[in-house]
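Engineer: Use the sequences and the hints to build the structure in full.
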Amino acid sequence: MAESFTSPGIDPPSPTLSARLRELADYLARPMADRLTEEQRALSLGIARRLVVDAAKALDGEIDTALLWNDWLDSGVPTAGRLAAACFARAEEHRWREYSAMRMVVPSALSDDDSEAMEAQGTEVAAEDSAEDSKADRAYLALQIADRRRFDGHGHPRIALADVDPELLRALLRDIAAWRTQRPEASAAAPDDLVGHALDRRMASQGLDRAAADYHAALNAQATAEEAATAIARHDWLALIALAATASRRSYSDMALALLSAEPAALPALLAPLRLDHASLAPLEASLAALPGRTGEGAR
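Following my numbering, the numbering of the sequence shown begins with 23 at its first residue and continues without gaps.
By construction, these hints were calculated from the structure, which means they are not laboratory data.
Among the clues, some could well be false.
Label pairs and their calculated CB-CB ranges [unchecked claim]:
1) ALA47 x THR203: 37 to 47 Å
2) ARG256 x ALA106: 29 to 39 Å
3) ARG42 x ASP159: 53 to 63 Å
4) ASP159 x LEU95: 37 to 47 Å
5) HIS176 x GLN228: 18 to 28 Å
6) SER156 x ASP222: 31 to 41 Å
Since the structure is predicted, the reported quantities are computational estimates derived from the model, not experimental observations.
Where is the CB? At the ideal position from N, CA and C, for every residue including glycine.
Structural biologist: As C-alpha coordinates, then:
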(Lines of atoms letter the chains of each structure in order from A and count residues from 1; the text may use other names and numbers.)
(Lines give C-alpha, C1' and ligand atoms only; values in the text may rest on other atoms or scores of the structure.)
Protein backbone atom coordinates (compact mmCIF):
# COMPACT_ATOMS: atom_id res chain seq x y z
CA MET A 1 0.00 0.00 0.00
CA ALA A 2 1.20 3.50 -0.83
CA GLU A 3 2.38 5.58 2.13
CA SER A 4 0.23 8.47 3.28
CA PHE A 5 1.13 11.88 1.97
CA THR A 6 0.73 15.44 3.17
CA SER A 7 -0.85 18.32 1.36
CA PRO A 8 1.68 20.21 -0.84
CA GLY A 9 0.79 23.67 0.40
CA ILE A 10 -2.98 23.44 -0.04
CA ASP A 11 -4.99 23.07 3.16
CA PRO A 12 -7.28 21.29 2.89
CA PRO A 13 -6.56 19.77 -0.56
CA SER A 14 -9.44 19.71 -2.99
CA PRO A 15 -11.09 16.32 -3.66
CA THR A 16 -9.73 16.31 -7.20
CA LEU A 17 -6.21 17.08 -6.04
CA SER A 18 -6.45 14.41 -3.35
CA ALA A 19 -7.51 11.84 -5.92
CA ARG A 20 -4.65 12.80 -8.24
CA LEU A 21 -2.12 12.60 -5.41
CA ARG A 22 -3.39 9.17 -4.35
CA GLU A 23 -3.09 8.01 -7.95
CA LEU A 24 0.46 9.36 -8.18
CA ALA A 25 1.43 7.88 -4.81
CA ASP A 26 0.10 4.49 -5.88
CA TYR A 27 2.08 4.69 -9.09
CA LEU A 28 5.29 5.65 -7.30
CA ALA A 29 4.79 2.82 -4.81
CA ARG A 30 4.26 0.24 -7.58
CA PRO A 31 5.75 1.70 -10.79
CA MET A 32 6.14 -1.72 -12.42
CA ALA A 33 2.57 -2.89 -11.73
CA ASP A 34 0.54 -3.93 -14.76
CA ARG A 35 -1.35 -0.94 -16.13
CA LEU A 36 -3.46 -0.18 -19.15
CA THR A 37 -1.59 1.05 -22.19
CA GLU A 38 -2.90 4.10 -24.01
CA GLU A 39 -4.10 1.81 -26.79
CA GLN A 40 -6.06 -0.37 -24.37
CA ARG A 41 -7.55 2.67 -22.65
CA ALA A 42 -8.59 4.33 -25.91
CA LEU A 43 -10.10 1.16 -27.36
CA SER A 44 -12.06 0.33 -24.21
CA LEU A 45 -13.33 3.89 -23.81
CA GLY A 46 -14.42 4.03 -27.45
CA ILE A 47 -16.26 0.73 -27.14
CA ALA A 48 -17.99 1.96 -23.98
CA ARG A 49 -19.10 5.16 -25.70
CA ARG A 50 -20.47 3.31 -28.72
CA LEU A 51 -22.33 0.87 -26.47
CA VAL A 52 -23.91 3.70 -24.46
CA VAL A 53 -24.92 5.49 -27.67
CA ASP A 54 -26.43 2.32 -29.18
CA ALA A 55 -28.33 1.56 -25.97
CA ALA A 56 -29.64 5.12 -25.77
CA LYS A 57 -30.86 5.01 -29.36
CA ALA A 58 -32.56 1.68 -28.71
CA LEU A 59 -34.30 3.22 -25.69
CA ASP A 60 -35.38 6.49 -27.27
CA GLY A 61 -34.26 7.80 -30.64
CA GLU A 62 -34.70 11.39 -29.46
CA ILE A 63 -32.01 11.19 -26.76
CA ASP A 64 -29.06 13.54 -27.22
CA THR A 65 -26.38 10.84 -27.03
CA ALA A 66 -23.46 13.29 -27.12
CA LEU A 67 -24.86 15.17 -24.12
CA LEU A 68 -25.54 11.89 -22.30
CA TRP A 69 -21.98 10.65 -22.75
CA ASN A 70 -20.41 13.96 -21.78
CA ASP A 71 -22.57 14.17 -18.65
CA TRP A 72 -21.54 10.66 -17.65
CA LEU A 73 -17.88 11.39 -18.26
CA ASP A 74 -18.14 14.37 -15.94
CA SER A 75 -20.13 12.67 -13.17
CA GLY A 76 -19.05 9.05 -13.56
CA VAL A 77 -20.45 6.31 -15.77
CA PRO A 78 -23.05 4.18 -13.93
CA THR A 79 -22.48 0.41 -13.81
CA ALA A 80 -18.84 1.24 -14.50
CA GLY A 81 -17.40 -2.01 -13.16
CA ARG A 82 -19.48 -4.38 -15.26
CA LEU A 83 -19.33 -2.08 -18.26
CA ALA A 84 -15.54 -1.92 -18.00
CA ALA A 85 -15.24 -5.71 -17.95
CA ALA A 86 -17.33 -6.13 -21.10
CA CYS A 87 -15.57 -3.32 -22.97
CA PHE A 88 -12.09 -4.48 -21.96
CA ALA A 89 -12.84 -8.04 -23.15
CA ARG A 90 -13.99 -6.71 -26.53
CA ALA A 91 -11.00 -4.38 -26.81
CA GLU A 92 -8.45 -7.09 -26.02
CA GLU A 93 -10.02 -9.52 -28.46
CA HIS A 94 -9.93 -6.84 -31.15
CA ARG A 95 -6.28 -6.05 -30.43
CA TRP A 96 -5.36 -9.72 -30.57
CA ARG A 97 -7.05 -10.32 -33.89
CA GLU A 98 -5.62 -7.13 -35.39
CA TYR A 99 -2.05 -7.85 -34.30
CA SER A 100 -2.35 -11.47 -35.37
CA ALA A 101 -3.55 -10.48 -38.84
CA MET A 102 -0.59 -8.11 -39.25
CA ARG A 103 1.85 -10.87 -38.31
CA MET A 104 0.51 -13.41 -40.78
CA VAL A 105 3.12 -14.50 -43.32
CA VAL A 106 2.33 -13.45 -46.87
CA PRO A 107 2.65 -16.45 -49.26
CA SER A 108 5.52 -16.29 -51.72
CA ALA A 109 4.80 -15.66 -55.38
CA LEU A 110 3.80 -18.70 -57.43
CA SER A 111 5.04 -19.62 -60.87
CA ASP A 112 2.62 -19.34 -63.79
CA ASP A 113 2.27 -23.13 -63.96
CA ASP A 114 1.52 -23.35 -60.23
CA SER A 115 -1.01 -20.55 -60.47
CA GLU A 116 -2.82 -22.18 -63.37
CA ALA A 117 -2.92 -25.54 -61.56
CA MET A 118 -4.27 -23.97 -58.37
CA GLU A 119 -6.84 -21.97 -60.33
CA ALA A 120 -8.09 -25.11 -62.03
CA GLN A 121 -8.20 -26.97 -58.72
CA GLY A 122 -9.95 -24.05 -57.09
CA THR A 123 -12.62 -24.02 -59.77
CA GLU A 124 -13.34 -27.70 -59.14
CA VAL A 125 -13.44 -27.22 -55.37
CA ALA A 126 -15.69 -24.19 -55.71
CA ALA A 127 -18.09 -26.18 -57.86
CA GLU A 128 -18.20 -28.96 -55.28
CA ASP A 129 -18.71 -26.50 -52.41
CA SER A 130 -21.45 -24.73 -54.33
CA ALA A 131 -23.20 -28.02 -54.97
CA GLU A 132 -22.92 -29.19 -51.37
CA ASP A 133 -23.59 -25.82 -49.68
CA SER A 134 -23.06 -27.62 -46.40
CA LYS A 135 -24.77 -26.73 -43.18
CA ALA A 136 -21.39 -26.03 -41.58
CA ASP A 137 -20.49 -23.55 -44.33
CA ARG A 138 -23.76 -21.69 -43.85
CA ALA A 139 -23.28 -21.66 -40.08
CA TYR A 140 -19.74 -20.28 -40.45
CA LEU A 141 -21.04 -17.56 -42.78
CA ALA A 142 -23.69 -16.64 -40.20
CA LEU A 143 -20.92 -16.45 -37.59
CA GLN A 144 -18.95 -14.05 -39.77
CA ILE A 145 -22.05 -11.90 -40.31
CA ALA A 146 -22.68 -11.77 -36.56
CA ASP A 147 -19.05 -10.77 -36.06
CA ARG A 148 -19.34 -7.94 -38.57
CA ARG A 149 -22.14 -6.44 -36.47
CA ARG A 150 -19.50 -5.93 -33.78
CA PHE A 151 -17.99 -3.02 -35.75
CA ASP A 152 -19.41 0.41 -36.47
CA GLY A 153 -19.62 2.00 -39.89
CA HIS A 154 -16.00 3.14 -39.67
CA GLY A 155 -14.64 -0.27 -38.75
CA HIS A 156 -14.17 0.52 -35.06
CA PRO A 157 -14.91 -2.28 -32.59
CA ARG A 158 -18.18 -2.18 -30.73
CA ILE A 159 -20.41 -4.50 -28.71
CA ALA A 160 -23.66 -5.22 -30.53
CA LEU A 161 -26.67 -4.96 -28.25
CA ALA A 162 -27.54 -8.56 -29.10
CA ASP A 163 -24.21 -9.60 -27.54
CA VAL A 164 -24.55 -7.67 -24.28
CA ASP A 165 -25.25 -9.66 -21.13
CA PRO A 166 -29.00 -9.21 -20.47
CA GLU A 167 -28.53 -8.03 -16.89
CA LEU A 168 -25.85 -5.53 -17.88
CA LEU A 169 -28.02 -4.22 -20.70
CA ARG A 170 -31.02 -3.92 -18.38
CA ALA A 171 -28.95 -1.94 -15.86
CA LEU A 172 -27.50 0.27 -18.60
CA LEU A 173 -30.93 0.99 -20.09
CA ARG A 174 -32.33 1.85 -16.68
CA ASP A 175 -29.45 4.25 -16.03
CA ILE A 176 -30.06 5.92 -19.38
CA ALA A 177 -33.80 6.11 -18.69
CA ALA A 178 -33.09 7.74 -15.32
CA TRP A 179 -30.84 10.32 -16.99
CA ARG A 180 -33.49 10.93 -19.65
CA THR A 181 -36.21 11.78 -17.09
CA GLN A 182 -34.06 14.67 -15.83
CA ARG A 183 -34.00 16.33 -19.24
CA PRO A 184 -36.65 18.99 -19.99
CA GLU A 185 -37.17 17.70 -23.52
CA ALA A 186 -37.92 14.12 -22.38
CA SER A 187 -41.02 12.56 -23.93
CA ALA A 188 -43.93 11.36 -21.80
CA ALA A 189 -43.15 7.68 -22.39
CA ALA A 190 -42.70 5.73 -19.16
CA PRO A 191 -39.08 4.68 -18.50
CA ASP A 192 -40.05 1.11 -17.61
CA ASP A 193 -41.96 0.74 -20.87
CA LEU A 194 -39.00 2.03 -22.88
CA VAL A 195 -36.62 -0.36 -21.13
CA GLY A 196 -38.98 -3.30 -21.67
CA HIS A 197 -39.40 -2.58 -25.39
CA ALA A 198 -35.64 -2.22 -25.88
CA LEU A 199 -34.99 -5.54 -24.12
CA ASP A 200 -37.67 -7.27 -26.21
CA ARG A 201 -35.98 -6.10 -29.39
CA ARG A 202 -32.64 -7.32 -28.07
CA MET A 203 -34.01 -10.80 -27.33
CA ALA A 204 -35.49 -11.03 -30.84
CA SER A 205 -32.11 -10.50 -32.52
CA GLN A 206 -29.47 -13.17 -33.07
CA GLY A 207 -26.12 -12.38 -31.53
CA LEU A 208 -22.68 -13.89 -31.72
CA ASP A 209 -23.31 -16.50 -29.02
CA ARG A 210 -26.28 -17.92 -30.94
CA ALA A 211 -24.25 -17.98 -34.17
CA ALA A 212 -21.37 -19.72 -32.35
CA ALA A 213 -23.74 -22.36 -30.97
CA ASP A 214 -25.21 -22.99 -34.43
CA TYR A 215 -21.73 -23.31 -35.91
CA HIS A 216 -20.70 -25.84 -33.25
CA ALA A 217 -23.96 -27.77 -33.70
CA ALA A 218 -23.33 -28.09 -37.44
CA LEU A 219 -20.17 -30.13 -36.78
CA ASN A 220 -19.73 -33.59 -35.31
CA ALA A 221 -17.08 -34.23 -32.64
CA GLN A 222 -14.34 -35.15 -35.12
CA ALA A 223 -15.16 -32.27 -37.44
CA THR A 224 -15.14 -29.85 -34.50
CA ALA A 225 -11.60 -30.86 -33.53
CA GLU A 226 -10.46 -30.59 -37.15
CA GLU A 227 -12.10 -27.19 -37.61
CA ALA A 228 -10.55 -25.90 -34.38
CA ALA A 229 -7.09 -27.12 -35.39
CA THR A 230 -7.50 -25.54 -38.83
CA ALA A 231 -8.67 -22.29 -37.24
CA ILE A 232 -5.52 -22.15 -35.10
CA ALA A 233 -3.28 -22.83 -38.08
CA ARG A 234 -4.98 -20.04 -40.05
CA HIS A 235 -5.15 -17.65 -37.07
CA ASP A 236 -8.92 -17.66 -37.46
CA TRP A 237 -9.53 -16.68 -33.84
CA LEU A 238 -13.21 -15.95 -34.47
CA ALA A 239 -13.85 -19.61 -35.32
CA LEU A 240 -11.64 -20.92 -32.51
CA ILE A 241 -13.25 -18.77 -29.81
CA ALA A 242 -16.73 -19.64 -31.08
CA LEU A 243 -16.10 -23.39 -30.99
CA ALA A 244 -14.26 -23.28 -27.65
CA ALA A 245 -16.96 -21.13 -26.04
CA THR A 246 -19.80 -23.40 -27.07
CA ALA A 247 -17.91 -26.59 -26.20
CA SER A 248 -17.15 -25.17 -22.75
CA ARG A 249 -20.65 -23.71 -22.28
CA ARG A 250 -19.30 -20.21 -21.90
CA SER A 251 -20.10 -16.98 -23.68
CA TYR A 252 -17.93 -15.89 -26.57
CA SER A 253 -16.72 -12.86 -24.60
CA ASP A 254 -15.80 -14.94 -21.55
CA MET A 255 -13.86 -17.45 -23.62
CA ALA A 256 -11.98 -14.72 -25.51
CA LEU A 257 -10.85 -13.11 -22.26
CA ALA A 258 -9.98 -16.50 -20.75
CA LEU A 259 -7.68 -17.27 -23.69
CA LEU A 260 -6.10 -13.83 -23.55
CA SER A 261 -5.33 -14.12 -19.84
CA ALA A 262 -4.21 -17.76 -19.78
CA GLU A 263 -0.70 -19.02 -19.17
CA PRO A 264 0.59 -21.26 -22.01
CA ALA A 265 0.49 -24.25 -19.66
CA ALA A 266 -3.21 -23.65 -19.03
CA LEU A 267 -4.27 -23.64 -22.69
CA PRO A 268 -4.63 -27.45 -23.08
CA ALA A 269 -7.01 -27.62 -20.12
CA LEU A 270 -8.90 -24.54 -21.25
CA LEU A 271 -9.42 -26.02 -24.72
CA ALA A 272 -9.83 -29.63 -23.56
CA PRO A 273 -13.46 -29.91 -24.78
CA LEU A 274 -12.19 -29.44 -28.34
CA ARG A 275 -9.88 -32.49 -28.03
CA LEU A 276 -6.92 -30.80 -29.68
CA ASP A 277 -3.44 -32.30 -29.59
CA HIS A 278 -0.76 -30.20 -27.91
CA ALA A 279 1.23 -29.68 -31.12
CA SER A 280 -1.68 -27.85 -32.78
CA LEU A 281 -1.66 -25.25 -30.00
CA ALA A 282 1.78 -23.87 -30.90
CA PRO A 283 0.53 -21.11 -33.26
CA LEU A 284 -2.00 -20.05 -30.63
CA GLU A 285 0.66 -19.81 -27.92
CA ALA A 286 2.94 -17.82 -30.22
CA SER A 287 0.18 -15.43 -31.23
CA LEU A 288 -0.86 -14.75 -27.64
CA ALA A 289 2.74 -14.25 -26.54
CA ALA A 290 3.31 -11.70 -29.30
CA LEU A 291 0.42 -9.44 -28.26
CA PRO A 292 1.92 -6.24 -26.74
CA GLY A 293 0.70 -5.28 -23.30
CA ARG A 294 -1.36 -8.42 -22.82
CA THR A 295 -2.95 -8.26 -19.40
CA GLY A 296 -4.93 -10.59 -17.22
CA GLU A 297 -4.57 -12.90 -14.32
CA GLY A 298 -2.25 -15.28 -16.13
CA ALA A 299 -0.51 -12.91 -18.55
CA ARG A 300 3.08 -11.88 -18.00
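Engineer: Indicate, hint by hint, whether the structure satisfies it.
Structural biologist: Outcome of the hint check:
no. : hint                        : result
1   : ALA47 x THR203: 37 to 47 Å  : 40 Å, holds
2   : ARG256 x ALA106: 29 to 39 Å : 32 Å, holds
3   : ARG42 x ASP159: 53 to 63 Å  : 55 Å, holds
4   : ASP159 x LEU95: 37 to 47 Å  : 44 Å, holds
5   : HIS176 x GLN228: 18 to 28 Å : 24 Å, holds
6   : SER156 x ASP222: 31 to 41 Å : 34 Å, holds
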